[in-house]
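Chains as they are written, first to last, in my numbering: chain A, 35 to 285; chain B, 5 to 143.
You may find that some hints are simply not true.
[As the list claims (entries may be wrong)] DSS-like mimics (lysine-lysine), calculated; alpha carbons at most 25 Å apart, straight line:
#, chain 1, residue 1, chain 2, residue 2
1, B, K72, A, K206
2, A, K169, B, K72
3, A, K260, A, K97
4, A, K169, A, K78
5, A, K130, A, K97
6, A, K206, B, K122
7, B, K72, A, K77
8, A, K206, A, K78
9, A, K78, B, K72
10, A, K206, B, K86
11, B, K122, A, K213
12, B, K86, B, K122
13, A, K140, A, K97
[Claimed, not checked] So the derived label-pair ranges between C-beta atoms look like this:
#, chain 1, residue 1, chain 2, residue 2, range
14, B, L39, A, S203, 24 to 30 Å
15, A, T123, B, N33, 37 to 43 Å
16, A, N119, B, D89, 28 to 34 Å
[What the hints assert, rightly or not] Chain A regions said to be covered by chain B (calculated; three or more residues, Cβ under 8 Å):
#, stretch
17, 77-83
18, 173-179
19, 211-223
What the hints contain is simulated information worked out from the structure, not anything from laboratory work. The model shown is predicted, which means the values in this text are computed figures rather than measured ones. Note that CB positions come from ideal geometry on N, CA and C, so glycine has one too.
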Amino acid sequence: MKQAPTNAVPDKKRRSFFTQAAAGIALLTLAPGVRLVDLALGKKDETAVTGTVRWGMLIDTTKCAEGCVACVEACDTEHGLTGFNRPKTDAQWIRKLELEDEQTGKAHSLPMLCQHCANPPCVDVCPTGASFVRKDGIVLVDKHICIGCRYCMMACPYKARSFIHEELSEQKPHAPRGKGTVESCTFCVHRVDRDHTPACVEACSEAGHQAMIFGDLNDNNSTLTKVLGELASKQVREDLGLNTGVRYHGI
Amino acid sequence: MAIVPWLILMTALSLLASVELAGAQVLGNSRAAELDQCVEPTEFMRRNHMELLIHQRDETVHRGIRTKNHSLVECIACHAEKDSDGQFVSINAEGQFCQDCHVTAAVSMDCFQCHATKPDVNAQLTGLAIAMTRPNCQR
Numbered sequence: 035m036k037q038a039p040t041n042a043v044p045d046k047k048r049r050s051f052f053t054q055a056a057a058g059i060a061l062l063t064l065a066p067g068v069r070l071v072d073l074a075l076g077k078k079d080e081t082a083v084t085g086t087v088r089w090g091m092l093i094d095t096t097k098c099a100e101g102c103v104a105c106v107e108a109c110d111t112e113h114g115l116t117g118f119n120r121p122k123t124d125a126q127w128i129r130k131l132e133l134e135d136e137q138t139g140k141a142h143s144l145p146m147l148c149q150h151c152a153n154p155p156c157v158d159v160c161p162t163g164a165s166f167v168r169k170d171g172i173v174l175v176d177k178h179i180c181i182g183c184r185y186c187m188m189a190c191p192y193k194a195r196s197f198i199h200e201e202l203s204e205q206k207p208h209a210p211r212g213k214g215t216v217e218s219c220t221f222c223v224h225r226v227d228r229d230h231t232p233a234c235v236e237a238c239s240e241a242g243h244q245a246m247i248f249g250d251l252n253d254n255n256s257t258l259t260k261v262l263g264e265l266a267s268k269q270v271r272e273d274l275g276l277n278t279g280v281r282y283h284g285i
Numbered sequence: 005m006a007i008v009p010w011l012i013l014m015t016a017l018s019l020l021a022s023v024e025l026a027g028a029q030v031l032g033n034s035r036a037a038e039l040d041q042c043v044e045p046t047e048f049m050r051r052n053h054m055e056l057l058i059h060q061r062d063e064t065v066h067r068g069i070r071t072k073n074h075s076l077v078e079c080i081a082c083h084a085e086k087d088s089d090g091q092f093v094s095i096n097a098e099g100q101f102c103q104d105c106h107v108t109a110a111v112s113m114d115c116f117q118c119h120a121t122k123p124d125v126n127a128q129l130t131g132l133a134i135a136m137t138r139p140n141c142q143r
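With the rest of the complex left out, here is chain A:
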């Protein structure tokens, strides 16, 4: 084909596109390490969550202090988990475990919470579809659909779920809870959606331990993935193939 000589105009357009693109890139980089795109990462209220993010957590058991329950207390306060002085049935979204190696005597202290599995057994067994994995990896109970059958509680290898046995009042607006439904850690979904860290992570940090790191497992630049790249970490009951979002170091 014969090349038409009248392609000067598209060329000019292309050139101006490149100039504008270069200007755009210059604008996005204000200074070394300070980029505007970082500021726009937070989710807007009107946008839905997507699978590009997978929320996860690393718990460094070497930093977790024996007897410290800052994370548990923060969770109870954040979600208004008040007990009825019945430890066997009172709601508990996060609990502290004190473990000891019988042979060596080495003691561990660690918080146990919903592990936010990628293949959660609680979702498999739920007869109504109330248990579900949100696109960003957070495992939740839709209490509007939950019939309180407690299959999920039996299926969960981590004993992470609680059933509400009593009528409740004075709930927190961001944490609706009611009799006859099952509940568990939500990764503080109401905070995460507004770009904050979960209450337990914040409390651990404020207590000076920094044993919990929360972040996006899919983002290679997140603090979480950077630390996961350096520290050896394990999933609890990795043999079950659940691909947990919560990982532990030092166990």
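Start from chain A and add chain B according to the hints.
Just chain B now, kept in the frame of chain A:
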């Protein structure tokens, strides 16, 4: 007989009127009282608020959409009335915004078996405190 449909129509109209007159009145000492209208026209809200709520509930729980206009938390934040001591009264207490109309219409609501009935007075403060102390979330 031509009078039968007429009677039915009159009865239906009077029932509707009694619902609209007796309930759904914005209470004086609430944020809503200061506004011209709700998030949608009043007539629409009276008939369809439940549709908006059930839609928003799924959007929020499953998709993480947290817009405020059709959220139950915001309904309560705006419509809850303060008593003479400046304390919020439960929105489902007798004579309060939600309860009043639902009693008249004989429709029970089970929202408040789980959902908070009063606005969280500390919510904004906490949000601000978080923003100030922890500007960068560990993502």
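Run through the hints listed earlier and report the numbers of any the structure violates, in increasing order. Failing hints: none at all.
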